[in-house]
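A.B. asks: With the hints as constraints, model all of the structure from the sequences given.
The opening residue of the sequence shown carries number 1 in the numbering used here; numbering runs sequentially from there.
Be aware that a few hints might be false.
Stated by the list, open to error - Pair by pair, the computed Cβ-Cβ distance ranges are:
no., residue 1, residue 2, range
1, 1, 309, 49 to 55 Å
2, 354, 20, 55 to 61 Å
3, 35, 493, 44 to 50 Å
4, 371, 102, 22 to 28 Å
5, 449, 163, 43 to 49 Å
6, 20, 258, 44 to 50 Å
7, 354, 18, 54 to 60 Å
8, 437, 163, 44 to 50 Å
9, 137, 360, 33 to 39 Å
To be clear, the hints were calculated from the coordinates, so they are not data collected in a lab. Glycine residues also receive a C-beta, built at the ideal position from the N, C-alpha and C atoms.
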Amino acid sequence: MTDLLFRDIDIVDGTGAPRRRGDVLIRAGRIAETGPAGSITADARVVPAQPGYVIAPGFIDMHAHSDLALLTHPEHFPKITQGVTTEVIGQDGLSYAPIDDAALAVVRKQIAGWNGNPADFDFSWRTVAQYLARLDEGITPNAAYLVPQGTLRLLVVGTEQRPATTAEIDRMCALLAQGLDEGAVGMSSGLTYTPGMYADTGELAALCSVVASYGGFYAPHTRSYGAGALEAYAEMMGLAKATGCALHLTHATMNFGVNRGRAPEFLTMLAQARADGCDITLDTYPYLPGSTTLSALLPSWAMSGGPDAALARLDDPAERARITADVNVNGSDGCHGVTVEWETIQISGVGDDALSAYVGRTVDQIAAEEGRAPVEVFFDLLRRDQLATTILQHVGHEENVRAIMVDPGHMGGSDGLLVGARPHPRAWGTFPRYLSRYVRELGVLGLEECVHHLTGRPAARLRLAQRGLVDTGYAADLVVFDPATIHDTATFEHPRQQARGIQHVLVNGAFALENGTATGVRAGRALRMDATREETR
Numbered sequence: 001m002t003d004l005l006f007r008d009i010d011i012v013d014g015t016g017a018p019r020r021r022g023d024v025l026i027r028a029g030r031i032a033e034t035g036p037a038g039s040i041t042a043d044a045r046v047v048p049a050q051p052g053y054v055i056a057p058g059f060i061d062m063h064a065h066s067d068l069a070l071l072t073h074p075e076h077f078p079k080i081t082q083g084v085t086t087e088v089i090g091q092d093g094l095s096y097a098p099i100d101d102a103a104l105a106v107v108r109k110q111i112a113g114w115n116g117n118p119a120d121f122d123f124s125w126r127t128v129a130q131y132l133a134r135l136d137e138g139i140t141p142n143a144a145y146l147v148p149q150g151t152l153r154l155l156v157v158g159t160e161q162r163p164a165t166t167a168e169i170d171r172m173c174a175l176l177a178q179g180l181d182e183g184a185v186g187m188s189s190g191l192t193y194t195p196g197m198y199a200d201t202g203e204l205a206a207l208c209s210v211v212a213s214y215g216g217f218y219a220p221h222t223r224s225y226g227a228g229a230l231e232a233y234a235e236m237m238g239l240a241k242a243t244g245c246a247l248h249l250t251h252a253t254m255n256f257g258v259n260r261g262r263a264p265e266f267l268t269m270l271a272q273a274r275a276d277g278c279d280i281t282l283d284t285y286p287y288l289p290g291s292t293t294l295s296a297l298l299p300s301w302a303m304s305g306g307p308d309a310a311l312a313r314l315d316d317p318a319e320r321a322r323i324t325a326d327v328n329v330n331g332s333d334g335c336h337g338v339t340v341e342w343e344t345i346q347i348s349g350v351g352d353d354a355l356s357a358y359v360g361r362t363v364d365q366i367a368a369e370e371g372r373a374p375v376e377v378f379f380d381l382l383r384r385d386q387l388a389t390t391i392l393q394h395v396g397h398e399e400n401v402r403a404i405m406v407d408p409g410h411m412g413g414s415d416g417l418l419v420g421a422r423p424h425p426r427a428w429g430t431f432p433r434y435l436s437r438y439v440r441e442l443g444v445l446g447l448e449e450c451v452h453h454l455t456g457r458p459a460a461r462l463r464l465a466q467r468g469l470v471d472t473g474y475a476a477d478l479v480v481f482d483p484a485t486i487h488d489t490a491t492f493e494h495p496r497q498q499a500r501g502i503q504h505v506l507v508n509g510a511f512a513l514e515n516g517t518a519t520g521v522r523a524g525r526a527l528r529m530d531a532t533r534e535e536t537r
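C.D. replies: Structural data, given as structure tokens:
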């Protein structure tokens, strides 16, 4: 690699300290030296920065759904153009390693709305080690992996809604330990997604004890972000206290009408758990709508047996009537314990192009235009699209978003889905939006504080001992941007839009974005944890 010198530039170093004027020398993929402006002389290419621009650590996306996109579209334009240099994948309890042939068939179908389901793609890996090795063949940003608890349950218990036996729990714990030995940073859960949601607290505690023994962390999508949200958070905090496992509350929100203005209650619980000795952090995205699959709204019993069994239930009049009662009257656990408000459910993507006319419309709008009940539109889309439909859920509250992002354990996570005709704009705009709307426009966070939330703090959670800061010896994962002009341009109508105000992005010392243009250089790799839970080199 050519040595690079950023000379006489404002450094926002990721610690939260005030910016300082200085020089940064890059050599062999690492920061070789930092010093006051004009202090470094070296035989290096001087990289000019525009006036007013700053250099900061590359952003770390603590909740990404790029498990396949890193491989199918390795240039990874949506994230690199945001300044993201590391992503944490394997989220929400469902991903592709460890896996076997039968489980892979279920996972590919169940989360096609998250990652797509490419027919001609090579899924030949089976272990976490083999998946990480595939990533090492050439990706643009770095990636860290969480072992998905729902996939473990699928491998061992299957798709049935029942308690796991002691022997099955032991087997899941062994598979989890293997994944952690092979470099995973922790474990994720999706406790409103099947089959992970069928696990009781005792089963989760056994798995968390394994994670704790490795010094990893547990990243749960809790059992509810709506009715019962506080109880769901309490269950996770109880697990942290009982097992000693570090807890990272992923996309930590308080959504739906029942939780308007209730973020302070959640934050009080969080502060008490920390006072009791629990190690708890969280991430959020800076938007109000959420995003998931349409099938996620189904009650858990309707998904028992897997995707094919769920589709069969949609053809049974008695089962349809029971589902209708849950989504319209009783409240579906898949919809966080509340009844589905069809006017908030907007179609964002379909697997079958023949259904593309529905994209951008709410279920309520489709029902009114076609003279049908919303639940019948719901059933029809699920069946015709084979559960691959993705949605936006317009259920968030601005006061809750702002309150949670100032928590001392807060980090940034996009939760961005990269597939579908009109995906959530957070896949393209999360990190610039933090720096434009919530720093420059609203002043909820200061610039240095926000950069700390997006870099140094998540690096510490991941135990990346030499990433996340602009400091000597650290990996040269860096972003150069203009605090005065950086902003997200992705919108709900036009989500695939490159952010503005970002000049350069470097991953492991190589330009992934240079002067606003993607270079195609794939210098990223899988970030594995060793036995001390530090990144192996």
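A.B. asks: State for each hint whether it applies.
C.D. replies: How the hints compare with the structure:
1. 1 to 309: 49 to 55 Å: holds (53 Å)
2. 354 to 20: 55 to 61 Å: Given range 55 to 61 Å: holds, Cβ gap about 57 Å.
3. 35 to 493: 44 to 50 Å: Given range 44 to 50 Å: holds, Cβ gap about 47 Å.
4. 371 to 102: 22 to 28 Å: Hint violated: Cβ distance 42 Å, outside 22 to 28 Å.
5. 449 to 163: 43 to 49 Å: holds (45 Å)
6. 20 to 258: 44 to 50 Å: holds (46 Å)
7. 354 to 18: 54 to 60 Å: This hint holds: roughly 56 Å between Cβ atoms.
8. 437 to 163: 44 to 50 Å: holds (45 Å)
9. 137 to 360: 33 to 39 Å: holds (36 Å)
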